[in-house]
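A.B. asks: Start from chain L and add chain P according to the hints.
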Amino acid sequence: MIRDRLGNLLYQLAALLLSFGVVSLILISVDASPWEAFRNMFAGSFGSLRKFAEVLVAFVPLLLVTAGLLVTFSAGLWNIGVEGQVVLGAIATTWVYRFFLDSNLPPALIIALAILGGMIGGALWGSLAGLLKVFGGVNEIFGGLGLNFVATALTIYLIFGPWKRPGVASMSGTVPFPDEFSLPLVENLRISPWALGIALVGIVIVYFLLQGTYFGLRLKAVGKNFRAAYLLGIPTWQYSMYSFLICGALAGAAGAMQVAAVYHRLIPSISSGYGYLGLLVAMLINYQALWAVPVALFFAALNIGSIQLPILMKLDSSLSGVLQGVLVLFVLLASGMQQKFARRS
Amino acid sequence: MRKNLIRLAFLAVALTLVVAACAPATTQAPTQPPAPAATQPPAPTQPPADTEAPPPAEPFVFGMLLVGPYNDNGWSQAHYEAGLYVEEKLGAKMIYLDKVNPADRAGTTPDQLAEELVAQGAKLVIFNSDDMKDASTTFAKNHPDVFVIMASGDQVWKDGKVYEEIPNLINIMGRMEYGKMIGGCAAALSTQTGKIGYLGPLINDETRRLAASAYLGAKHCWEQAGNDPAALEFKVTWIGFWFHIPGFTTDPVDVSKDFYSTGFDVVISGIDNPVNLSEAQKYTAEGTPSLGIAYDYVAACDAAPDVCLGVPYFNWGPDYVKAIKSAQDGTWQSQFIWSGPDWADINNHDTSMIGFVKGNALSDEASAALDNFIAELAGGLNLWTGPINLQDGTPYLADGEVATDQQVWYLPQLLEGMEGLSASE
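Protein chains in written order, with this note's numbering: chain L, -11 to 333; chain P, 388 to 812.
It is possible that some hints are incorrect.
What the hints assert, rightly or not - Calculated pairs, DSSO-like style, for lysine-lysine (alpha carbon to alpha carbon, straight line, at most 30 Å):
| id | chain 1 | residue 1 | chain 2 | residue 2 |
| --- | --- | --- | --- | --- |
| 1 | P | Lys709 | P | Lys486 |
| 2 | L | Lys302 | P | Lys709 |
| 3 | P | Lys622 | L | Lys152 |
| 4 | L | Lys328 | L | Lys208 |
| 5 | P | Lys510 | P | Lys486 |
| 6 | P | Lys528 | L | Lys152 |
| 7 | P | Lys644 | P | Lys622 |
| 8 | P | Lys528 | P | Lys545 |
| 9 | P | Lys486 | L | Lys302 |
| 10 | P | Lys486 | P | Lys528 |
| 11 | P | Lys548 | P | Lys622 |
| 12 | L | Lys302 | P | Lys480 |
| 13 | P | Lys548 | P | Lys709 |
| 14 | P | Lys669 | P | Lys745 |
| 15 | L | Lys152 | P | Lys644 |
| 16 | P | Lys709 | P | Lys480 |
| 17 | L | Lys152 | P | Lys486 |
| 18 | P | Lys528 | P | Lys548 |
| 19 | P | Lys510 | P | Lys545 |
| 20 | P | Lys669 | P | Lys622 |
| 21 | P | Lys745 | P | Lys622 |
| 22 | P | Lys709 | P | Lys745 |
| 23 | P | Lys548 | P | Lys486 |
| 24 | P | Lys510 | P | Lys476 |
| 25 | P | Lys476 | P | Lys486 |
| 26 | P | Lys669 | P | Lys486 |
| 27 | P | Lys622 | P | Lys582 |
| 28 | L | Lys302 | P | Lys510 |
| 29 | L | Lys212 | L | Lys328 |
| 30 | L | Lys302 | P | Lys476 |
| 31 | P | Lys528 | P | Lys480 |
| 32 | P | Lys545 | L | Lys152 |
| 33 | L | Lys152 | P | Lys548 |
What the hints assert, rightly or not - Pulled a few chain L residues facing chain P out of the computed Cβ check, cut under 10 Å:
| id | residue |
| --- | --- |
| 34 | Gly32 |
| 35 | Ser36 |
| 36 | Val45 |
| 37 | Val250 |
| 38 | Tyr251 |
| 39 | Ile258 |
Just so you know, the hints here were simulated from the structure itself, not pulled from any lab data. Positions of the beta carbon are idealized from the N, C-alpha and C atoms, including for glycine.
With the rest of the complex left out, here is chain L (with noise of 0.2 Å):
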C-alpha cells in the first residue's frame, strides 16, 4: 500500500517535471529563458501580499466549481456544462441584485439572497444537463458544451440587450452596482474573506458528502457501475440527477462569487473560463478531494504569476493554460502508464 502510494507519487512527479521540460523547450524555441519565465511567474503570484490576494481571488471560483466536479466525476458523469452553471449563476445572482436595487432590505439580506440565488440559478442549468441526459439519452458532454454556448449567447443578449447601460451597449458589463452591494473585502485588497470562506466551506462539504456519507457511497457506486448499481436497488437516474444540482449548486455558487466579490457587475466573460479549468483541476487530483485545494492553488497561482510574462518578458500570458494543458496530459499519460505497469508485474 505504502509502496503503491509512493510510486503514485513519483509518477506525479514525473509527470510534472516533464510538463515544465515541455513548456521550457516552447520557451526556448522563442529564446526566452525558462528559468526568467518560471522566476517572474513564481514572484507574480506569491511576491507580494497583494499578488497572493490576487491569487486567491482566482482560487475561489475554481476551488467550487473542482468541488462541484468531483461530486458529478464521482457519479461517473463529465459535466462540461459547469461553465454555463458558473455563467448562470453570476446571471441568476445579477438578477437578484437589480430586483432588490431600489429595496430598503438591508444589503448584507439582498448579498445573502443573491448569492443564493446564483446557487439555484447553477443548480437549474444544471439539471437540464442532467434531465438531457437522464430522459433524452443526450450525452452530457455534448449536451453540457450545448448549454455552454447557449449560457454565453443569453449573457451577451442580457448586456447588450435589455440590462445594457443608459444609452451605451458595451463589452465592459452592465452598470456597477453600489458598493454596499460587495462582499466585505479585505483593505487594499481585492480577496473577500467572505467569498474565500464560502468557496473552504464548499470543499469540506463536497469531502465529507463523498467519504463519509452513505449518499457518497451510493453515488459512487452509480459512478463505478451504472447497472450494478440499480441491480443493488440505488435509484440511479435520481443520483445523477442530483449529482448535477449539487454541482451546479456550487458551479453556481462559483459565479455568484464572481458578481457579487470581483466584478460587481455582469460582464461578458464572466465566468473566466474557471468552469473549464475547474475539469483540469478535477481531472489532475482524480477524485480525491483533499488535493483540490493545493492543486486549485497552484493552478490559480499560474493564471495569475502569468501576468508578468507580458508585461516583463513580452511573452504571451497563455503560457500558463499550456502548461495546465500539459501537466494534465502527463499526468493522465503516467497514470495510464502506471496501471499498464502494475497489471503486467
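C.D. replies: Frame of chain L; chain P shown alone:
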C-alpha cells in the same frame, strides 16, 4: 525487459528536458521588447530638448494598458507608438500590457493590471480604452499618488455629463470628427455606386459622433461635386466591440463582405483595425472594384495600399508628452483635453493630434478636391452647423446653429439620412 526499456527511455527524455530547461538560464537575458520602429530611446544620451528641471537620474517610468494587441495596425498601435515617442522625447521608460479586454484577460480587471504596472515601477498609468473607463476611475481613486491618463473618456470634463473630481486623472481625446469628415469626403469623392458603408464598433456617444462626422463629410463633398443628394446612401453596421472577439461580436470580415457584395463600394472602418481593407482587396481581385478607408493608425493603409483611400489617424504623442512632463515637473492639473488637428500641417508629428494620410487608391482629381476640403476646414468650415436633424427626424440644430462641444460629444442618435441603429436594441 521491454518495460524496463520503455521506462529508461522515458526517464532519459525527462532528464534531457530538465537539463535543457535549466542549462541556458544563466546565459540568457530576457527577450528584448519588439521594436517595430527605429525609435528606441537611447535615454541617457539624448537629454530632453527643453526641460527646466535638470534631467532625473532615474528614468520616469510610465505604464500603458492597451485594449488590443500593441501591433494591431490601429488604435492600440497608435498609443504604443505614442509611448515610444514619449520615451524618445522625455527619456522616460514605458512598460505596457496589451490585450487588456474581457476576452483575452479573463479573470482580471484593468485596475488590477494597472497595479501590476505600478508594482514594476510605473508612476503614471495610461488606460487606452473607453472600455476601461470605470476601472480607471476606481484605480485613480484607490491610488491618489499615481497619475492616470484615461484616453477617450470624459470623467473629469467639468462641462461633461459625468464629471467627477479626480485630481490625479487627465482625460485626453482627439477631435477625430475632423479626421472622419475628411475620410467621409474621400469616400464620397471615390464611390461609383453612391453607397458608402461604415463598419462600426459598439454603439456609444463616441462612435455615434464619429460615424455622423464621416457622414457629414461625405454628404458635403458629394453635394459639392454636383451629385444628387438623394442618391447618396450611408449605412452603419455595428459589430459589438472595438475588434472581433469570436463568440462575442459579429465578425467584421462578414460585415465587410456584406457591404462589398451588395454594392457598397467604399467601406469606412470605425473599428480598431482595418480588416475592411483586406476584404476590399479580395473583392477587387475578383472583379468587384472595392475601396476602403482605414482608421486610427498612421500606417494602417499598408495593410492593403492599393485599395486604401486614406486613413484618419490619432497622433497621441504630443499630448502624452505634455501630460507626462507635467507629472514630472509638478505642474499636473486634472483636466479634459480634446485636441484638434494642427491646421498649419495636419500631418506634423510633433504638433497635430489628428492627421490624414492619403492612400494609393485616391485619384489625383479626388486628391485635389480633398485638399480643397481640408483647406476649407482649416479656414473655419464647420459641418456641425444646422439645419441638421437626428435620425428620427427630431430637430438637432436649427438653421445656422453651430453645435456646442457637448452637443457633438454626446450626440444622442445618428443623423437624418444615415441608415443603421442609433442605439443597441
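A.B. asks: Is it true that the CA of lysine 644 of chain P sits at most 30 Å from the CA of lysine 622 of chain P?
C.D. replies: Roughly 14 Å between the alpha carbons, so the hint for lysine 644 of chain P and lysine 622 of chain P holds.
A.B. asks: Between lysine 709 of chain P and lysine 480 of chain P, is the straight-line Cα distance small enough, at 30 Å or below?
C.D. replies: holds, 15 Å
A.B. asks: For a C-alpha distance cap of 30 Å, please report whether lysine 669 of chain P and lysine 745 of chain P respect it.
C.D. replies: Status holds; Cα separation ~21 Å.
A.B. asks: Checking one constraint from the list: CA of lysine 669 of chain P to CA of lysine 486 of chain P, max 30 Å. Satisfied?
C.D. replies: holds, 28 Å
A.B. asks: Can the restraint linking lysine 548 of chain P and lysine 622 of chain P be considered satisfied, given a maximum Cα separation of 30 Å?
C.D. replies: holds, 29 Å
A.B. asks: Are the Cα atoms of lysine 302 of chain L and lysine 709 of chain P separated by 30 Å or less?
C.D. replies: holds, 28 Å
A.B. asks: Is the hinted pair lysine 328 of chain L and lysine 208 of chain L satisfied, with a Cα-Cα distance of at most 30 Å?
C.D. replies: OK: lysine 328 of chain L and lysine 208 of chain L at ~24 Å, within 30 Å.
A.B. asks: Given the hint that lysine 622 of chain P pairs with lysine 152 of chain L, test it: the Cα-Cα distance must not exceed 30 Å.
C.D. replies: holds, 24 Å
A.B. asks: Checking one constraint from the list: CA of lysine 476 of chain P to CA of lysine 486 of chain P, max 30 Å. Satisfied?
C.D. replies: Holds, because 26 Å separates the two Cα atoms, which is no more than 30 Å.
A.B. asks: Within a Cα-Cα threshold of 30 Å, do lysine 302 of chain L and lysine 476 of chain P meet the stated pairing?
C.D. replies: holds, 23 Å
A.B. asks: Against the 30 Å threshold, does the CA-CA distance of lysine 152 of chain L and lysine 548 of chain P hold or violate the hint?
C.D. replies: This hinted pair holds, its Cα atoms lying about 18 Å apart.
A.B. asks: Please verify whether lysine 152 of chain L and lysine 486 of chain P have alpha carbons no more than 30 Å apart.
C.D. replies: holds, 23 Å
In this structure, none of the earlier numbered hints is contradicted; all agree with it.
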